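Participant: These are the residues of each chain, in order.
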Amino acid sequence: MAGFKRKEGREMVEMNTSSLPDLIFTILFFFMMVTTMREVTLKVKFVVPQGTELEKLEKKSAVSFIYVGPPTDQLRAQMGSGTRIQLNDRYAEPKEVMDFVAAERQGMVNEGDQVISIKADQHTQMGYITDIKEVLRKSWALRLNYSASRRN
Amino acid sequence: MLLIFFLVTTSMDTDMGLARRLPQPPDENQEEAQVDIKSRNIMYVRLNSEGQLWMKDETFSDYVDISILRQRVKDFVRNEQNFSKWPEKHVKNIDLLGRCFVTDKHVISVQTARDTPYNAYFQVQNELVAAYNELRNELSKEKFGRTWDNLTTEEKDAVRQYYPQNISEAEPKKYPGEK
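Chains as they are written, first to last, in numbering that gives the first Met the number 0: chain A, 0 to 151; chain B, 0 to 178.
To be clear, the hints were calculated from the coordinates, so they are not data collected in a lab.
Heads up, a few of these hints could be off.
As the list claims (entries may be wrong) - Computed from the model, here is a short list of chain A residues facing chain B with C-beta under 10 Å:
hint: 1; residue: Val47
hint: 2; residue: Gln49
hint: 3; residue: Gly50
hint: 4; residue: Ala102
hint: 5; residue: Val114
hint: 6; residue: Lys118
hint: 7; residue: Asp120
hint: 8; residue: Leu135
hint: 9; residue: Ala140
All values reported here derive from a predicted model rather than from experimental measurement.
Glycine included, C-beta positions come from ideal geometry on N, C-alpha and C.
Same shape as in the complex, but just chain B (with noise of 0.2 Å):
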């Protein structure tokens, strides 16, 4: 008894973390494609060295508390009302959803200074895919009617093409955001 409570036990001590993808290498021989964003499709997510957090779009700039950041994230993303403000829209063909309107092209910039705290970025990073999270999950019980993680692959898939997570982490210019 003793031996199997310490094989669950053991096993049972996953890690956790935040699951994210960086972006592939620049090509070294290429010239880097300067790829032009429209600054209304940009909002630019700051964190200087005390670790506050500095957020811009084009109707809005100014250090925020870190509570309001999903709520704006979302919004943003979201742009229901097509404000022009706000990411531009595109009509696209997803399987299973059909033709919709997306804001696919906007970017997500965050930048850190090099002394800016860890857990900063961190709690950063964690309140924007909570953000895409939560908006996936709306989209998932609107169309399919079962939460993002009862979905399949494919039904998965379409969420994705509808909400893709565009988070640049470097200059903005240089590199695009990559999912």
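Bound conformation, chain A alone (with noise of 0.2 Å):
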């Protein structure tokens, strides 16, 4: 009867370290879906122009994004196909970014560091881009960010 339980207790020992890798695997789900839900869902399809005087984006935290291309392939029954302007998880107007970076610039630690990434499809007219900028520049958010993709 002795040697019966001295052998429970190394089982129970066994269970413990058996449950390690679990334990990693779920901080390494946590991780992948803290990563993925950062992201906002992308209402429009863009590909980004190719450049090759590209500097990487520091101080992810001050980094705001405005996406700029036609409504994907799901919603262009809805919206049509023209360009249209995503700030966070909706369409916007040009003249909504004042507001948008206004948001962003809330919480700040250094306002002067904000930077705007404009992601936009590489066929977007001009016009567009433009009217962005100039509200951009009204809202004192000077620094900008062509978002393009490394040229071989």
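Once you've looked at the hints, go ahead and assemble the two chains, each given alone in its own frame, into the complex.
Facilitator: What follows is the structure, encoded as structure tokens:
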């Protein structure tokens, strides 16, 4: 009987170590979820232009994105295929950019660091970009970044 | 190990882009100062609705291919021979560099139509930034023996004063180029 008891104790120890991978997987999945959740759901389709003189976006917390492009395939039926501007999770008009900039600026440690990254489709007409730029200029968000991918 | 892999890959996913600075908004109460820029100091770069590039300075005006834009901008800004139809040179005292002849009055005016494709505009911006980067890099190598990336902040500042980026994107008469 004494032997049986000892065996039971050993099994307990084995069970503890075997749950370790599960724990790690839980953390892994947690991270996977968090990193995907952070991004906004894209409602516009875009292929950014390619460039050679690119700089990395530093201080991610100070960066706000403006997406410009035609609606995604699922939304095309409702929204048509004209160029749209997306701020956060919805479509917006160029003049709404000003409120967006102000909202994004809230809670920033250093407001001068604010960078607006324009992720626009290659085939967008410049009129939209010019409108956005004009509004950004009025709202004193002067640091701009034209999002692009590296050309080899 | 998988956890570490994910941590690394997710942070690797950085966004790249072409960094630009917009000029400050014009003062509404104030009458806009009309800045007269000598025509030799201006280079016009225009993009039409088909994305074709047209450029003009005192010596040249025609539709050109984007591939030669960089070299032309470099020649224009540098103005090595002090050519009378390219930007005028001034004596300027710059820390670390001493007395220099600089073309800091030059302006490159980029104008687009409302229906210019964004890609064409972006490529022009990319070439302009590339031209300035190459000029600055050449100067850094000549004066400090190092590439632009390896300069200290003060040295970078000096080089920036030597080759300021004067790209104007609006009507050149209204808003002169800002850094």
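Participant: The structure should be examined with respect to each hint, and the outcome stated for every one.
Facilitator: Hint by hint, here is what the structure shows:
no.: 1; hint: Val47; verdict: holds, 8 Å
no.: 2; hint: Gln49; verdict: holds, 9 Å
no.: 3; hint: Gly50; verdict: holds, 4 Å
no.: 4; hint: Ala102; verdict: violated, 19 Å
no.: 5; hint: Val114; verdict: holds, 8 Å
no.: 6; hint: Lys118; verdict: holds, 8 Å
no.: 7; hint: Asp120; verdict: holds, 7 Å
no.: 8; hint: Leu135; verdict: holds, 6 Å
no.: 9; hint: Ala140; verdict: holds, 8 Å
The structure fails to meet hint 4 from the earlier list, while all remaining hints are met.
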